[in-house]
Amino acid sequence: MTISPAKAHHLYWLGRYAERVSAQMHFLRHYYDLCLDEGHEDAIHEYCNKLSLASCSLDRDAFLVDHLFGTQCGSLRHTLNCLNDNSIVLREELTTNTIAYVNLCVATLKHSDHKKDVNINSLQPISDYILAFWGSVLQHVTNGATLDMLFIGKRIEFIDMYSRFGEKHSRLAAEWRNMDRRLDRQSFLVNKEARMALREIFFEHENIPDQAAMLAALNSLISV
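At the far end of the sequence shown sits residue 329, using this note's numbering, and the numbering has no gaps.
You may find that some hints are simply not true.
[To be verified] Keeping only pairs whose Cα atoms sit at most 27 Å apart, straight-line, the calculated DSSO-like set for lysine-lysine is:
hint	residue 1	residue 2
1	LYS273	LYS155
2	LYS297	LYS112
3	LYS297	LYS273
[Unchecked claim] Quick list of simulated restraints, FRET-style, between CB atoms:
hint	residue 1	residue 2	range
4	ASP222	SER292	42 to 48 Å
5	HIS274	ASP190	17 to 23 Å
6	THR176	ARG134	40 to 46 Å
7	PHE308	GLN244	30 to 36 Å
8	ASN226	THR200	27 to 33 Å
9	LEU320	PRO230	19 to 25 Å
10	HIS145	ASN202	39 to 45 Å
11	ILE225	THR176	18 to 24 Å
Calculated directly from the structure, the hints in this document are not laboratory data.
Backbone N, C-alpha and C fix where the C-beta goes; we use that ideal spot for every residue, glycine too.
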């Protein structure tokens, strides 16, 4: 099964942004809780550094307002807006039931912004809706190429995000192995040199020898 380059582009980035929302919520909760502990007050800055965020307020609540509700690249709102933009053009491929979970994520963030609620626990439904989104994808999407592009994007984003936060190499390698067979089916979109470099990292090493080089190869792997 094949899809147009334009659809492949939107599916790939939809997969990436859906995974990015999930990872952002996971790590933001962890580092915000950590910064409340004595001796870890700079945990939020560590979070910012790992994600290469341009600015990070010294005040925790001010940071949350900006990071959750701001429109700058890297904020949760920006990520959700990108997720929503890519989903809008894919309603036919993904079905209305699946896209509805993206709409619920956007609505949840808007509701918290309207109430000026920076309690991270109030945003737990976003994590739940993303899980439901992937469940709906598996239930309703039958086109193999569509699923390939979504899950290639998802797993690339997982490796990108979780490697920044020190995830075990074995876990990252497992994500790579799960994605590798999908790359075979969509090989016309794959940068062969980047794939060979990443295969060496995840098949022949026990850790990532050069984080920057790995991320560069990972983010040049797919041409859409």
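- prompt: Does LYS273 pair with LYS155 here, judged by a C-alpha cut-off of 27 Å?
  reply: Between LYS273 and LYS155 the Cα gap is close to 16 Å, so the pair holds against 27 Å.
- request: Could you tell me whether the CB distance from HIS274 to ASP190 stays inside 17 to 23 Å?
  value: Given a distance of about 34 Å, which is not inside 17 to 23 Å, the answer is violated.
- request: State, for the Cβ atoms of ASP222 and SER292, whether the hinted interval 42 to 48 Å holds or is violated.
  value: Holds: the Cβ-Cβ distance is about 47 Å, inside 42 to 48 Å.
- prompt: If you draw a straight line from the CA of LYS297 to the CA of LYS112, is it 27 Å or shorter?
  reply: Holds, at about 21 Å.
- request: May I ask you to test the hint 19 to 25 Å on the CB atoms belonging to LEU320 and PRO230?
  value: 31 Å, violated
task: Determine whether the Cβ-Cβ distance between ASN226 and THR200 falls within the hinted range of 27 to 33 Å.
output: 30 Å, holds
- prompt: Is the hinted pair LYS297 and LYS273 satisfied, with a Cα-Cα distance of at most 27 Å?
  reply: 25 Å, holds
Whether the CB-CB distance between HIS145 and ASN202 falls inside 39 to 45 Å: 42 Å, holds
message: For the hint 40 to 46 Å, verify it against the beta carbon of THR176 and that of ARG134.
response: 22 Å, violated
task: Please test the hint of 18 to 24 Å on the beta carbon pair from ILE225 and THR176.
output: 19 Å, holds
- prompt: Per the hint of 30 to 36 Å, is the separation of the Cβ atoms of PHE308 and GLN244 within bounds?
  reply: Roughly 32 Å apart at Cβ, these two residues keep to the hinted range, so it holds.
Against the hints set out earlier in the document, violations occur for numbers 5, 6, 9.
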